[in-house]
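In the order they appear, the protein sequences are chains A and F.
Using this note's numbering, the first residue of the first sequence is number 1, and each one after it goes up by one.
Using this note's numbering, the first residue of the second sequence is number 1, and each one after it goes up by one.
Source of the hints: derived by calculation from the structure; they are not laboratory data.
Errors might be hidden in some of the hints.
Claimed, not checked - The calculated lysine-lysine pairs, modelled on DSS-like cross-linking and capped at a C-alpha distance of 27 Å, are:
no., chain 1, residue 1, chain 2, residue 2
1, A, 222, F, 109
2, A, 224, F, 268
3, F, 268, A, 146
4, A, 329, F, 109
5, F, 78, A, 208
6, A, 249, F, 78
7, A, 208, F, 91
8, A, 337, A, 391
9, A, 337, A, 294
10, F, 91, A, 146
11, F, 109, A, 223
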Amino acid sequence: MPDGELLLEVRCEEIPARMLEPAIRQLASRLFEDLLACKLSPAEVQTGFTPRRLMVLLKGLPEREPDRSETKMGPPVAAAFDKAGEPTAAASGFAKKCGLEVEDLERVETEKGEYVAAEHKIEGRPTIEVLSQIVPRILGDLDWAKTMRWGSGDGPWVRPVHSLVALFGGEVVPCELFGVAAGNTTSGHPVLSPQEFEVKSGADYRRKMARRGIEVRFEARKKKLLEKMSEAADGLGGELVKDAALLDKLASICGIPGVIVGRFDATFLTLPREVLITSLRDHQSAFTLESDGKLLSCFLTVMDRPDDPAGRVQAGNEWVVEARLADAKFFYEEDKKSSLADRRVGLDQLIFHARLGSYADKTARITELSEVLCQALGWDKEQEPVIQAAKLLKLDLTTEMVKEFTSLQGVMGGIYAREEGLTEPVWQAIYDQYLPASTDDPIPRSPEGQLTAIADRVDTLVGIFGLGLIPTGSRDPFGLRRAAQAVVRILLEGKLPIDLDLVAAQAVLLYGDRLKKSGEEILTSLRPFFHDRVRYLLGLEGYDYDSIEAALAVGSSNLPDLRLRVDALHRARQESDFLAVVLAAKRIANIIKEAPEQTFREDLLKEEAEKKLYQASHQLRTEIEGAEAAGDYELGFRKIAEFADVLDEFFVKVLVMDENRDLRFNRIALLQSIHRTISRAARLTEIVVDKAELRGRNTEMQVD
Amino acid sequence: MSKEMKSFQELILGLSEFWAEQGCVLQQPYDLEVGAGTMHPDTFLRSLGPEPWNVAYVQPSRRPADARYGENPFRLGKHYQFQVILKPAPKDVQRLYINSLEALGIDLKVHDLRFEEDNWEAPTLGAWGVGWQVMLDGMEITQFTYFQQAGGMDLEPISVELTYGLERITMFLSLSRSVYDIDWVPGGVDYGQVRHQDELEFSRYYFELADVDFLKTQFDGFERESQKCLEAGVVLPAYEFALKCSHAFNVLDSRGAVSVTERVELIKRVRNLAVGCAEAFVESREQLGFPLLEQGAPRHA
């Protein structure tokens with residue numbers, strides 16, 4: 001084994017597929033960090049895993065920690081030596097404690113005077129000794145989503161541990177994990193190659209695993225698997241229906257990346273594409289194949305073995321798939337016996353929430369709320385498909401197919417609606433209603449679908465908030481954060497100028513007396529909840545948090561408009577003269593903050609500078625209104641920036657707090673009016689001014 | 001390697017013989033309606049406390065809601081589980097399990113055997129465990145569980161439970177399209193001939209005939225009887241009445257007579273009985289001085 005190489009392998013019973021990747025990542029990074037803390041940094045880190053093992057290979061580790069020295073402080077020189085310069089008991093005591101002679105002590109100058117000190121050499125420990133301490137601790141402390149105990153109380157860990165290979169430079173690192181002593185033996189596949197064997201090094205380990213068909217490196221195994229599957233797909237005249245998560249899963253559940261090709265009866269191809277794909281994926285972890293957008297009557301999945309010599313693996317998988325598809329076909333045919341509209345009775349029986357009523361109740365609310373949304377957009381005849389979709393939206397929850405495959409909710413209703421011959425806007429709205437379910441998902445493709453999706457989620461949010469069940473910390477059992485985020489994304493990306501406050505207020509009314517909280521309480525807690533999603537989503541796009549705050553502070557009733565304002569502010573603040581605007585706004589805000597609203601009278605303007613300011617502010621308002629009407633907020637901000645000079649001049653030449661009460665109030669009134677003018681698109685005082693930026697600005701102005 | 005067994009009774013014989021050889025007590029089914037082999041007192045109660053225990057038995061398991069009038073080729077209102085408990089779980093239990101499959105004549109060198117995460121929880125028993133569903137060529141054939149808690153109590157030592165789905169394994173090995181077609185006797189009487197009438201008639205009872213008021217009265221009565229036994233310090237009868245409550249609940253459920261809130265309530269009542277029995281059982285064994293601790297249960301070679 002090469003010097004400085006650490007080979008670590010824990011072999012255990014099958015670790016759940018979903019936990020493998022996070023575990024190996026954590027193991028490698030903690031090992032790396034802890035070694036680094038001992039000044040032992042590896043030149044290379046490799047990792048790997050199969051369901052039954054976690055492996056880390058570190059190369060280029062030093063043989064031992066570097067030596068280091070420490071200065072130990074003793075008594076002051078004045079106390080360590082008497083007048084004759086002879087060492088006192090304090091000196092000899094300190095020397096003895098350090099294992100040195102008095103002559104070896106040094107003198108160190110400090111703030112408090114001269115002290116006696118001892119240079120203490122600490123010899124670096126051999127790396128193998130360091131490893132024997134950190135390896136079992138890191139392994140034992142890995143975070144798992146769920147742990148267990150075994151035997152007579154061993155654990156907790158993810159699954160029982162069987163062996164531990166820990167070799168440093170070819171030598172066993174003395175340590176143990178849950179009573180299993182580290183050694184140099186491991187074993188292969190539990191059925192095909194269960195005999196134990198010795199390993200000498202990382203290269204030897206890989207070679208011996210490869211001889212048993214096992215690829216421990218995850219990425220390499222995934223690549224091999226994908227190659228084999230693509231090759232098999234080619235042979236069948238099709239290509240894989242892409243599914244990155246499924247590929248990850250398949251690569252995680254095997255050590256030997258074997259591929260099974262299975263076929264099923266072509267009559268199952270009459271099932272909707274989504275159903276076939278979902279059934280094969282959810283039940284059999286199998287890929288479907290397609291050619292020219294049409295599914296083929298075959299599937300591909302993985303087996304943890306290289307081949308299928310008796311054809312049993314293929315026959316078994318085909319048998320299970322046929323049974324599953326027969327089930328799916330049965331559900332599909334049963335479902336088609338009644339139309340979606342006929343399913344209304346079933347919704348009464350389906351509880352949305354014990355306090356909030358059934359899905360029939362929810363459907364009634366969603367329908368009315370959809371109407372409110374249409375009105376908000378000024379839709380008239382266009383609202384017909386929205387209302388129709390809203391009424392049918394939840395009916396697929398009563399279908400056998402959705403009971404079997406929850407992930408097909410919405411999609412299934414959409415398919416049944418399409419097959420019933422309902423119009424495209426209607427079936428698509430039903431189909432897309434749960435979009436976006438994750439950050440990668442698009443929003444519903446049509447405005448009709450966007451509106452019903454919003455109505456559904458606002459209804460849920462208001463209902464659950466209305467029961468006082470506001471998500472806290474990581475607890476969010478109703479998925480309210482995701483729901484609110486979806487609403488915000490749909491409004492932003494769909495460019496829908498809809499006031500969420502108004503919609504939520506309507507949603508409260510529709511609940512009648514079912515809610516525990518008052519409408520005001522609900523809106524007060526819901527508003528910041530939505531704002532947090534806005535902050536998060538716009539933050540993801542790279543906008544500074546203070547730009548978002550500034551825009552939010554003047555109103556969020558129209559999110560597409562809010563986004564325009566944030567974007568304009570973001571661009572305007574890149575300009576060098578923008579700082580002056582912010583400083584001026586802060587100064588104005590500071591002067592008027594306590595003052596009651598005053599009435600402005602033009603005839604009370606006295607100084608030239610204030611007359612000039614008044615003229616300029618008048619013009620500014622006209623310009624900003626013009627720019628806003630054209631949707632050009634950036635122009636508005638630029639106009640404000642140009643205005644900063646006049647304002648500066650005013651502050652230099654005019655004293656706002658004049659002794660004359662009328663003059664004073666009139667100037668405050670002028671500033672109040674200017675404040676309103678420049679705060680239309682964003683509250684500029686929210687912008688955080690960098691201290692350095694401020695110092696860099698050559699100005700006499702004071703910022704409060 | 002012996003020939004692959006393909007009939008229901010060969011499977012029962014093969015597994016019984018294998019696990020008896022490993023030193024298990026070859027127990028018989030519990031003579032009450034239960035939903036799973038786990039509810040047999042020789043699993044639920046014996047997994048509690050420090051005493052070692054190894055047992056194997058077949059348990060007919062009733063799931064009224066799964067009954068399908070004998071028409072669905074896969075679903076049954078009553079199916080048979082082969083249940084094994086090893087306490088403490090031996091270190092090589094996976095190996096033993098693999099050997100048990102080979103003892104059935106399954107040549108694992110030509111099959112794909114995988115362990116997929118599947119954790120088990122029984123709210124009515126206050127019990128949960130961690131483990132897998134064992135997949136053979138993509139088909140689930142066994143539940144493999146390390147018990148962690150039962151009756152709301154942490155377990156030590158840990159028991160392992162192996163639950164073989166006998167119908168599934170037989171169907172799979174014979175690649176049958178219907179459970180009713182599998183051989184019960186090799187080349188003789190089939191599963192349908194033995195069980196079809198049972199499935200049909202019990203489906204009618206569960207879904208059409210069961211008297212809801214009668215069952216609810218029964219549930220209340222069984223509960224009182226169980227509590228009375230617990231107070232008198234007789235654990236096994238108390239547990240038996242808890243099981244009767246559980247079955248009454250299952251029938252009510254299949255009848256569609258249990259609302260969502262009622263459901264939570266009834267489960268809680270059964271759970272309370274089970275937890276009471278679990279605590280009382282450990283106490284009663286303690287009073288006896290945990291006799292099996294000394295004697296030691298027979299272990300596999």
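Do the hints match the structure? See the list:
1. Our distance criterion of 27 Å between C-alpha atoms is met by residue 222 of chain A and residue 109 of chain F, whose separation comes to about 24 Å.
2. A C-alpha spacing of about 51 Å is found between residue 224 of chain A and residue 268 of chain F, which places the hinted pair above 27 Å, so the restraint is violated.
3. Simply put, residue 268 of chain F and residue 146 of chain A have alpha-carbon atoms about 25 Å apart, close enough for the 27 Å limit, and the pair holds.
4. At roughly 34 Å between alpha-carbon atoms, residue 329 of chain A and residue 109 of chain F are farther apart than 27 Å, so this suggested pair is violated.
5. For the hint pairing residue 78 of chain F with residue 208 of chain A, the CA-to-CA distance comes to about 48 Å; that exceeds 27 Å, so the pair is violated.
6. Simply put, residue 249 of chain A and residue 78 of chain F have alpha-carbon atoms about 34 Å apart, too far for the 27 Å limit, and the pair is violated.
7. Restraint check: the Cα-Cα separation between residue 208 of chain A and residue 91 of chain F comes to about 25 Å, which is no more than 27 Å; the hinted pair holds.
8. Distance hint between residue 337 of chain A and residue 391 of chain A is fulfilled; the C-alpha atoms sit about 20 Å from each other, no more than 27 Å.
9. The hinted pair formed by residue 337 of chain A and residue 294 of chain A meets the criterion: a straight-line CA distance of about 26 Å does not exceed 27 Å.
10. Under the criterion of a C-alpha separation no larger than 27 Å, the hint pairing residue 91 of chain F with residue 146 of chain A is consistent with the structure, at around 20 Å.
11. Simply put, residue 109 of chain F and residue 223 of chain A have alpha-carbon atoms about 26 Å apart, close enough for the 27 Å limit, and the pair holds.
The structure is inconsistent with the numbered hints 2, 4, 5 and 6, although it conforms to all the rest.
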